[in-house]
Each structure stands twice: as structure tokens, then as C-alpha cells.
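> Listed here are the chains, written in short residue letters.
2 protein chains.
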Amino acid sequence: MLPRGRSRALAAAALLLGLLLLAGLFLGRDLQPPGGGEVQAAADLVSPPQLLHVAIVCAGLNSSREVVTLVKSMLFYRKNPLHLHLVTDAVAQSILETLFRTWMVPALGVSFYDADQLKPHISWIPNKHYSGLYGLMKLVLPGVLPPGLAQVIVLDTDVTLASDIAELWALFAYFSGVILLWLDRLRQVGWEQMWQLTARRELLTQPATSLADQDIFNAVIKEHPGLVQPLPCVWNVQLSDHTLAERCYLEAADLKVIHWNSPKKLRVKIKHAEFFRNLYLTFLGYDGNLLRRELFGCPSQSPAGAEQLQQSLAQLDEEDACFEFRQQQLTVHRVHITFLPHEPPPPRPHDVTLVAQLSMDRLQMLEALCRHWLGPMSLALYLTDAEAQQFLRFVEASPVLSARQDVAYHVVYREGPLYPVNQLRNVALAQALTPYVFLSDIDFLPAYSLYDYLRASIEQLGLGGLRKAALVVPAFETPRYRFSFPKSKAELLALLDAGALYTFRYHEWPQGHAATDYARWREAQAPYRVQWAADYEPYVVVPRDCPHYDPRFVGFGWNKVAHIVELDAQDYELLVLPEAFTIHLPHAPSLDISRFRSSPDYRACLQALKEEFHQDLSRRYGAAALKYLTALQQRPRNSA
Amino acid sequence: MLPRGRSRALAAAALLLGLLLLAGLFLGRDLQPPGGGEVQAAADLVSPPQLLHVAIVCAGLNSSREVVTLVKSMLFYRKNPLHLHLVTDAVAQSILETLFRTWMVPALGVSFYDADQLKPHISWIPNKHYSGLYGLMKLVLPGVLPPGLAQVIVLDTDVTLASDIAELWALFAYFSGVILLWLDRLRQVGWEQMWQLTARRELLTQPATSLADQDIFNAVIKEHPGLVQPLPCVWNVQLSDHTLAERCYLEAADLKVIHWNSPKKLRVKIKHAEFFRNLYLTFLGYDGNLLRRELFGCPSQSPAGAEQLQQSLAQLDEEDACFEFRQQQLTVHRVHITFLPHEPPPPRPHDVTLVAQLSMDRLQMLEALCRHWLGPMSLALYLTDAEAQQFLRFVEASPVLSARQDVAYHVVYREGPLYPVNQLRNVALAQALTPYVFLSDIDFLPAYSLYDYLRASIEQLGLGGLRKAALVVPAFETPRYRFSFPKSKAELLALLDAGALYTFRYHEWPQGHAATDYARWREAQAPYRVQWAADYEPYVVVPRDCPHYDPRFVGFGWNKVAHIVELDAQDYELLVLPEAFTIHLPHAPSLDISRFRSSPDYRACLQALKEEFHQDLSRRYGAAALKYLTALQQRPRNSA
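Protein chains in written order, with the numbering used here: chain A, 48 to 687; chain B, 48 to 687.
By construction, these hints were calculated from the structure, which means they are not laboratory data.
Note that the Cβ used here is the ideal one computed from N, Cα and C, for glycine as well.
Please note: incorrect hints may appear among the correct ones.
Restraint-style ranges between C-beta atoms, simulated for each label pair [said to hold, decoys possible]:
{"no.": "1", "chain 1": "A", "residue 1": "L543", "chain 2": "B", "residue 2": "R567", "range": "35 to 41 Å"}
{"no.": "2", "chain 1": "B", "residue 1": "A361", "chain 2": "A", "residue 2": "A368", "range": "57 to 63 Å"}
{"no.": "3", "chain 1": "B", "residue 1": "L543", "chain 2": "A", "residue 2": "S449", "range": "40 to 46 Å"}
Computed far set for chain A versus chain B, every beta-carbon distance over 10 Å [as the list claims (entries may be wrong)]:
{"no.": "4", "residue": "M151"}
{"no.": "5", "residue": "F159"}
{"no.": "6", "residue": "L326"}
{"no.": "7", "residue": "L328"}
{"no.": "8", "residue": "T378"}
{"no.": "9", "residue": "D408"}
{"no.": "10", "residue": "L465"}
{"no.": "11", "residue": "Q507"}
{"no.": "12", "residue": "P526"}
{"no.": "13", "residue": "D544"}
{"no.": "14", "residue": "A561"}
{"no.": "15", "residue": "H595"}
Take these sequences, add in the hints, and give me the full structure.
In C-alpha cells:
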């Protein structure tokens, strides 16, 4: 579909500002947009089987969040297979690699190009603005992208598509009756030499700070006007305070691309701002899982693992009472690691990261947690796309949270009816960057001194060496929701004696923590070893390379128990720390719990999963694993 | 944009099944789709200024929920002003009138047609299926719609648009080189007589149950084949298990309309089901507020009140510390009353509805509330569109909640940063259908006997007559989250003496309930009168026509206090009931509270709002209102 009857719109072309159509750089200007007959031909050229290429320069944490909205808007309207060429720094690459791998969008290829390697090609241009260096990378794209790649659309990250990008691709056809390989042509005319010569000449007269990629493009074009073909204005509706864009969009029924190129971004004050804002917000909050749809009419390569996943899902028996559990376990959740600004902790040999997971209903725990734990944290958040934006605003509005650069938030996007607790824990665990991790839960507040005390204990116990140990942090609970947190073990013991505190789940599930031996802990002056026991699920500090959590346990029940079994099977010593403690705060039961706890099916499935877990244990650890099965069978009731 | 090169697709026409293009019924079949030149003309005919008409038959509660998703998909893609002609029963009309009034979508007109009045025209057709009667109403549309209306698109409620409906409208042009007024033509050929004759004839041979509107349409067409023009198949992609639709959509790059005409709806098992499901889910969870956008290039009539609202918003001072409060107060929230199946309570002279409001984080209170309060409830829920779907699944999964047909849920869609507590209360209050209401909060559980006791008290106190009274239900709180609810006043007093219960907010805000006089209540055997006091905010039972809550109090603070002041100013007696009680359960502070309570600006604004409230009081009640201001000024601290 090509724009019709918009010659005036065409005349008001927005030239290579922001939305940059490299195809616009070609040889000769004697070609005109085709008439009606050729429109059909152009549309055929971009019919679904054709692969379209898009290049984006994306560096840093915030850009990698921004680019997601652009990609969503592109995927929403697209009907063609796409290949993204992403020029990224290390931070953006690690985030986006995880995201696209877990997003599993069919008919979407992604290649990464190391921006750091490109720096030498452009760093000779004096440039005081950090992001400017990345902006300049657009200049070297023809040399960086694969030699076989003929055409590419280059987009800024602050762009929102409002129509199928194939319509933009179709504009390549305007340049000629035959397909020209534009990148090739640029290479042929010696683009690299050309822009460098121009840039060096410009540098003689222009101050360095204002010299960004656009200045160079403009200068090259000024010298070689034949290189450029204006782009219809609907393909770059720029939203700045004094934009002339209204002239364009009032005449055009179809807007194609919106470009947030005012520093005010969404707060820009222009007529019709609401229209543009709403389109942007549409994709900001859009459920990215819905974009995992197959395209019609073009047999496309499936994302890595997608076929195997489809087969596994297809083999599940819908009549199986545990169908939902097994489905949830197989679900690949889209993951956006380091969703918010984060400074990795400096390498320290005994440092500990607090690891936990949460959903929206526990957000109010974060400030208190930040006050109690002064070290690094790695938190997995189970959110919808819209909730991720609410979360972003929540953190920005909190001085306590925004001050903490050592807390990494990893968004795992919701999918399925059960809370994938162990998958979330594994995401947070995998992203912890210190040698040790404290495996906690979000509704616990640790002793104020715990962070310092753990590091000292790790050093004293010589855990840095070969000793394989899990340090147990004794857990307590308060039934009161207004509560004065004990400042020391002595204060805690006084509260315990006064009945204002209990050992954790003392009334409902004492076996979960009995093996910690609270009586001994009262008196203990030094760490002491305890033995594994059935259903034991203490909160522990372990090396980062500890076994992962078993993802088959979704929803609630047995998710930590199975992990402690694994630690024991792998011969971790369990050492209780005499001064460590953590306290569970009361809260309303989460929806996930209340929905499933009462169900008999739920208990039956949990039982089935436990049995499968034990079978796997025997397979991996042989006869040594027998004690876990025996312990399970000796228990009268299997609840957790 | 018209489909191109799809002659085969055109041939595989889906004829008048489900998606019904009335325009397809016209005189003569000698007209052909125009060639390339006329495509442009057709597109011009539907350029934005042109108003498009859509008719939908929508009866009952579930259909009125379903139609919202259809309307969202239509609004998302449309560029033209639209007018909806809705044939509704009383239930759907009341829901949809409120929804469209509060949705305030520019360039969208809505007319309602009373389905009950149309019944006589079709009820002579024997029809055992309830919804079938409404289906048959499509037959009489040409006679029901305004005589001046020439063309209309008729859609089923289970349809999702996948493109601009103007493209469908443009198909009118295919029928001729000139614009035909199809409805007019149908009227001229005597459509009404025609279908009735055919139907009567068919009735002689067909069993009644299978005779729906489509059977009649098919029979008429069989007799008068010249009446029909096939519709390109992309305009009615039918999704049933054995659909032939794949033939159509694999050839067409653009799907226009998806029709969920399998009884399995979203669970239908066909190839590519995921693609269709995702499009549907897109609009199911789509934030309808984003569709309140102005159209370009067509100066359209604003929705009722929209201009005044825009002016009021424009007059707000962004630098005012209370800007967010005032903006939130002015916000018109989209409201979907009776979101879930509901049976209005039978009229009973002393019946009481429990009125409360909540957001997602209090959903887990609903089951307990249903166990404690066995009477009707009217609850306002503050949700996003996506949360409304989660809520729907939550209720469906709960046997306790799905069994209760006397609980009406009214969805108020989220917009803005502050919780519009009093607007929510007013929505729930306005929808209460009994003569009395118990104005409660969601985190309170009433005594098990309260519903019966209140009705008996109302009868005994003779409130049905002229007596203007507010019955006070004394409020308590428990600091414990595991708690055995007292079965009687005696049990409650024992818990109070044991320190397991307190009077509500005894520690933080005693003046809120002190005037209830708990000491007297302990001993009371009969209702007793108490006097208003500063900051008094008891939970009360009042006639349904009581004053509304003041919507200026958003977020937290003073929202109930102001309402009690109003009751006192209007001379309501405050009568404390000796056997009534309600108990507040502990919960984590809501995000809304924690976000604003700590802010000094928040307190300053609350103070400003209180002062404005008192000025308004003086204006309305004169010198009598002076006592409230004096009471306010005599208090040292103004917190709430």
C-alpha cells in the first residue's frame, strides 16, 4: 500500500532527520515516484515472503527499554519477516539478547554488532555528548552491515510505527523501475571516504559539541545533492514544540511514523499531542506476548527452541489434572533483565546479593527492604507490560528506591495462570553478580546488620576456599502489621518470649524450619552444623554457582524444599549463623495462593510433581537419594 | 484502501453469515466492482469527514461486555466519525448508556433502539432460543433505523475488526458508479413484506427451533437472488473448527474482520488460532481511555460535557501544589456498570445493600465478604481494562463468588495517579437498588448477623416513614492477620478485653470514631442517639437517596468525614445500633497510600481542599454550617 494523492505531502519532505532512510542515499536524482500502475508492482515487491531489514543503534540501559516500544509497534503492524540489525554496547546487548531469546517471536531475526568495536572509526570526531558517539555510528553502517545486505531501514529508538513498515520498504521502489541495491551503491561510490572528508572539512569551522551524525549527513548531502531522495513527511512526523508537522499530518489520512524528537518527549505541548501520546502508550503497555504470532503465507524459521517447545506443549494431556502445572512449567517467559538503571557492584571476594522475586502486590515491601538490606539485590518481578510501566513510575516517585543503584530489577512478563516462583528465582539468581547470594523471599525483612554480618561470616568461615556450605539465616514471623523491628538478637529474643514474634510458620508448618534448632540458636555463640530433615526449607546464603531451583514447582508448595534437598544431595554443609535473623511480615494471602490452596486437584498435582522430582533425584544421585524418598513416604500428610 | 488482485478471494464470498452487510441487499446484480481508476474514487468517498453508520443488536449483560471489545477494535483503526445504532434491551441499554457517556470518545455518536418494542414484529416467528429473538431483529432494521439513513454496516457482537471499517464502507461503492441509498432501496422494494412472506412460507416446512435470522435471510435470497452482492471473504473470516477460512486468509495479506462464530469462541482449535486469539486479546485488554483521541482533518462534535471539561482542565494551574488533586477530581472515569451477571434483588421495603469500592489489591477480600454479608452488594472496582479481565477470571474461578447473583460489580476504569475514592463510592451508591444502603469499606468484615439485624432495625425504628436517620455500625479492628471472627457481641467484648481487638484506629485516629461512644455501646440494649463531632467518620446505614460523597476528596483523607458532615448538615439523626459491629482486617498499606501519605504537599493540599469544602458548606447551609468550620479551626492538627 503506497500513499496516494499526496504530492503536497511528498513535497514537505522531512529530510534525514531522526528517521533516516538510508535508501534515500543513492546515485542520481532523475527517478520519480511511479504512477498508479507501478503502485501495484511496488506492493508486490514487499509481499509477505520478503524479508525486511531494519537497523537500530541502541546503547545503554534506558535505550534498551525504549527500543522495546518501537519494536512492539513494528511487530504489531508488520506482515513480513523482519531482521533487526542492532548496534549495541555490552549493556544493551546483554539485555536485548535475553529479551529476544525469551520473546520467541516467529519470523524475527536479530543480529548484534558491537558498538565498541566501531568507536575507533568515529571517535576521531571531537564529541562531548556521550550518546552523540552512538549517534555517529549511523555513518558507518554501510561498512558494518553484511556486504550481502542490499537495503536497510534505519530507525532511531524514539520512534513509534503507526503502520506496516513494509509500506516504508515499498518506497525503495520509488527510486527506479528496478531494484537498486542501495547499500551496495553507497559502498561503490565510496561512502566512507566521502563522509569522512566532509566531516574533516566541517570540523575546521564548526565547534565540536554540535557535530552529531545529522550535521555530517546534512553536510554530505549539501555537497552531493544527487545522493538524496526526499521522504514523504508522513514517514517522520516530528513532535517538538514548534513542529511544522501539523501541515503534514492534517493533509494525510495515514500517519506512518511518529518521532518523539523533542527532549520533552511525551510531555511536548502541541496540538493533537494526545493522539500521538495515545499511540505511544498503546505500545508501551502492549502485551508483547501477543506478538509471538506466526505470519501467514510465509513459512518462516521458528525462533530457537520454539519447535521443541511446541512439541512438548502438544504432548501434554489436557485431561491431566496437572495440565496447568505442566503447561506453566514449559512456558518460556519473556525476560527483560536490568529493567532500570543499575550499577554493578565492584568485585569484592565476600560480597552477598539478596535474591528474591515478587509481583505487583508486594511492591510496597521494596522501600522497607532497601532500608534493611544495604547491599546489592537482584530481584525478579512478575509483571504485565502495563504493570512494568507502573513499576517504573513507582520507583521514580520513591526517593529511597531511586537512590539505590545497586538493586537490579529483572522483569519477567506474566503468562499463564500459576505463579512461576522457581523460574523467577532462577532469573534473579542468574543475574546476581557477587560471589555469594542470600536466597530470600520478598515478605521478609532481614536484621539491619545482616549484610555486614554475612560478609564477615563468609570471610571468617573461609567459604572463599573449597568449603561447600549453605549458611542458614533463622526465620521468624510477626502476626502484627504494626511492628517495631528488633535491633539485636537480644531484642528479638525478648519479643519472642513476649509472644510478639514466633519462629516462622510455627503454627502451620513447624517442620519447615524445625531443623534450624531454634533452642540451640538462642544460646549459640558460634555457627553450628545441622542435618537435613524432611520438608526443611531454611533461608540460606550460598555461592552464586549453587544448584538452580527446580522450575517444575510453580504456584505455591515445595519450591524451596526441593532446592534444599538438592543442596544436601550435593553435600552442602548446613551451618546456622548465631547472630543472623530475618522476619516475615504479615500480608493478605496473594491471589495466586487463595485461588489454588483450597483445590484438591492442586494438592494432588503437587504430590505428583514431588514424586517425579524424587524419580529425577534417584536418576541423578543414585542410592544416595533414597533417603529423601523414604523421608517423604514416612510423612503422613503431604502438604506444603 | 481496497483489496487488490483478490478475485479468487472475492469468489469465495462469505454470504451474509454473521457479519451482515445490509448494503449487500440491493436491486439488480449487473454491477461489478470497479477497476483501478474507481478505487481512488471509492477511497475519497470515505475520507475522514464522512460519517459512517454501524448497527449492532446487543441484548443482555454478557453481550454488552462483548460488544465493548468489538467497539474498541473499531475505534482503534477508524479515522472517520462513527455513529453506532444500538438495538438493546433495558439491561444492555443502561450499561452501554453509562459506558459511552463516561467514555467520552470524540467523533462517536450513539443511538439506542428499544429491542422490546421490536419484539411484536418478530415474536410471531416460533423461536425457542432466547437470543434467537434478538438475532431476528436484524430483519426489521430497515424499518427501525431513521428513514433518512441510507446505508449502514451491521455487525454481530462477536466480531473483531482487524482494519479500518471505512474500508468496508468503501465496498458500497462497488455496487455502482453512483451512490445508492441501500436502506432506502430495501424499503422501496417492500423488504418488510418480502421477508415476512418468505418466513411464513418456510415455517410450513421447517421446525421452529432452527429458524434464526440467517435462515430467513438465506430463504429470501434464494427467492430473490438479485438482491445480494457477495462480500470478499476477508471481511468475514469465520473461526469454527471446520472453517474453510484458511483458503481465504492465506491468499489475502490483509484480514479485515474476524468472526468468533464457533460456540468454542477463543478455545476453537484451528490452524493459526493463535493469531486470531492474539488480535482479540489485544482489544480485550486495550486501555479504552487511549481511544478518546480527536480525529484529524474532521472537526467533529465533542461528546457531551467534553468541551467544558477541557476548559476546566485548561484553567488548572500546573504550578499549584494541588494540581494532581484537582485534575483527578475533574477526571471523568469510564464506567461499566454491572460488569458481571447480576440479578436485581426483589423489591423489599427494608432491604439494605452493602456499598463499597476496591482495586485489584483487595480482590482477596471478596470471598470473605460474601460469607459475612448475605444480602445484596454494590461494589465499584477501580481497574484497568486488562485487570477487568483478570477480575472476570477470578470471579469465574471462585465457587463462592460465582454463586452470588446479588452482588453487582461496577468497573470504573483507572485514570490518573490518585485513587478517586469518593467518585467510586458514588458509582456504587448510585447503582444500589434497595431502599437502604450500608456504606462500608472493603477491608471490613461485618458481623455475620448484620444483614438480618439491619433489616429488622430499619423496620422497628420506622425508618420507612419520614424519619431521617443514619444508623451507626460501630467499627473495630484486629492487629492480627489470623483471627477468629466473633459470633456475637459478647464474644467481641471478650476479645476487646483480651486485647485481641481494638476500637477502630484507636491508636492513630481515635477522634474518627470516639463519638460512637463505645463505653455506652458496651451496655446499650437499644439504639441511642449521638451528636456529630469534628472528624467523626462512622460506618452508617442510610436511605439510598442520601447525599453523595464529595468527589473533591481523592486519594486518602477526609473522604468519609466530609460525608458525615453533609448528613449532619441535612439533619440526619445519628443512631448507634447496640448489636451491630464491623471489624477491620489488617493489610499492607496500599500503594496509593504509601505514595502520598509521606508527602508534605499532600497534607497541604488536603488542608486546602477542606477549606474549600467548608466555603461550599457555608454557601449551601448558611450560618448553620459555621459549627463545622469552628470545629475544624479549634483542632490543633489537621491530619486524616
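> Hints broken by the structure, by number, lowest first?
6, 7, 9, 12
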